[in-house]
Amino acid sequence: MSDFEFAVSVPAEPSHLKAVRAFFQTVLRDYFGDEADMLVLALDESCSNILKHQPKQFVGDCLTVHATINAKFVRFQVRNFCWKEDVPNIRPRDLKCVRPGGLGTHFIHEIMDRVEFVPDPESPGRVSLVLEKSLPAGGGRHGG
Amino acid sequence: MEAKLEVLARDENGSRILSISGEVDMESSPRVLQAIREGLSRTSNLKLDLRGVDYIDSSGIAVLIQGLKIARRGNSEYSYVLRDVSPQVLSVIELSQLRDLFEFETSEGEG
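Taken in order, these protein sequences are the chains called A and B. Residue numbering for the first sequence follows our numbering, starting at 1 and increasing by one per position. Residue numbering for the second sequence follows our numbering, starting at 145 and increasing by one per position.
Be aware that a few hints might be false.
[What the hints assert, rightly or not] Computed list of lysine-lysine pairs in DSS-like fashion (alpha-carbon distance at most 30 Å, straight line): (1) K148/B / K84/A; (2) K84/A / K52/A; (3) K84/A / K72/A; (4) K148/B / K133/A; (5) K72/A / K133/A; (6) K52/A / K133/A; (7) K133/A / K84/A; (8) K213/B / K84/A; (9) K148/B / K213/B.
[What the hints assert, rightly or not] Some, not all, of what chain B presents toward chain A, calculated at C-beta under 7 Å: (10) D169; (11) E171; (12) S202; (13) V225; (14) L226; (15) D228; (16) Q232; (17) L234; (18) S240.
[Unchecked claim] Now the stretches of chain A that chain B is said to cover, found in silico as 3 or more residues with beta-carbon under 8 Å: (19) 16-25; (20) 104-117.
The hints are simulated quantities; they were obtained by calculation from the structure and are not laboratory data. Here a beta-carbon is modelled for each residue, glycine too, at the ideal position from N, C-alpha and C.
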């Protein structure tokens, strides 16, 4: 099975997150079945984080997600995620303290097998967020 | 392009029921919180009927937590119940490690 590449760009506004979810829910369900729901959640949380914490940079800009799917994994790349110097501040928090904030990063790390930041090729000083999840044994419904 | 969300309120057996349906995300969660605040301004017995919630993210879970905190502050004798929680919502609550924080019930009886 060769790589399949998908890309979605939407205006960087909360009202358009639904479109990103709907697109990838459809695509991922073919490969991951019911597990697609959690993958969509992780992706949605990543996109929400951009809008929550970097609003000024994204006014009038686009939110772009690239996805690669093959027999071994699905990889999302959320482009232009944050400034490189902000990366150390992005980490899951201790859930023993019950408070509304900080859950999104926890979800991302719980759901995905790999979470890392890579330099964004088109935005100097910015990084993209890479999320990766291995496909179940047998490669899902399209692989194996 | 608004996230599809509907919140309907009714009274039932001494409780205020908020029936929430659609997707609770970053864009729509403030509306849910507002409905919860309004509900808790009327009564200390609030039930959130979540059977129609197709999707919830961390912002939606945050709203559920905030609602519980408002209920607790307002009255030492309060009821704040999540009713008929869908599998997706329950999965996200469990991912948050908050299952023990909330009270659940099903419309067929105590859950």
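task = Have a go at the E171/B hint: is there a Cβ in chain A nearer than 7 Å to its own Cβ?
result = Hint on E171/B: holds, closest Cβ of chain A at ~4 Å, below 7 Å.
**Q.** Satisfaction of hint between K213/B and K148/B, Cα-Cα up to 30 Å
**A.** holds (26 Å)
Practice task
Sort out whether K133/A lies within 30 Å of K148/B, counting only the CA atoms.
Solution key: holds (29 Å)
Interface hint compliance - D169/B to chain A, C-beta minimum distance less than 7 Å
holds (6 Å)
Margin query: Less than 7 Å between beta-carbons is the criterion; does V225/B satisfy it with respect to chain A?
Written below: violated (18 Å)
Check your understanding: With 7 Å as the cut and Cβ atoms as the points, is L234/B at the interface with chain A?
Key -> L234/B check fails; min Cβ-Cβ to chain A is 12 Å, beyond 7 Å.
Next on the checklist: With the threshold set at 30 Å, check whether the alpha-carbon distance from K213/B to K84/A stays at or below it.
Outcome noted: violated (36 Å)
inquiry  = Does K133/A sit within 30 Å of K52/A, going by the straight-line distance between their CA atoms?
reply    = holds (24 Å)
Restraint status (C-alpha distance of K72/A to K133/A at most 30 Å) = Roughly 9 Å between the alpha carbons, so the hint for K72/A and K133/A holds.
- Message: Quick check on the hint: L226/B CB to chain A CB, less than 7 Å?
- Response: violated (15 Å)
Query - Interface hint for S202/B, Cβ within 7 Å of any Cβ on chain A - result: Since the shortest Cβ distance to chain A is 4 Å, the answer is holds.
Check your understanding: Does K84/A lie within 30 Å of K133/A when you go C-alpha to C-alpha?
Key -> holds (23 Å)
Of the numbered hints given earlier, the model fails hints 1, 8, 13, 14, 15 and 17; all others are met.
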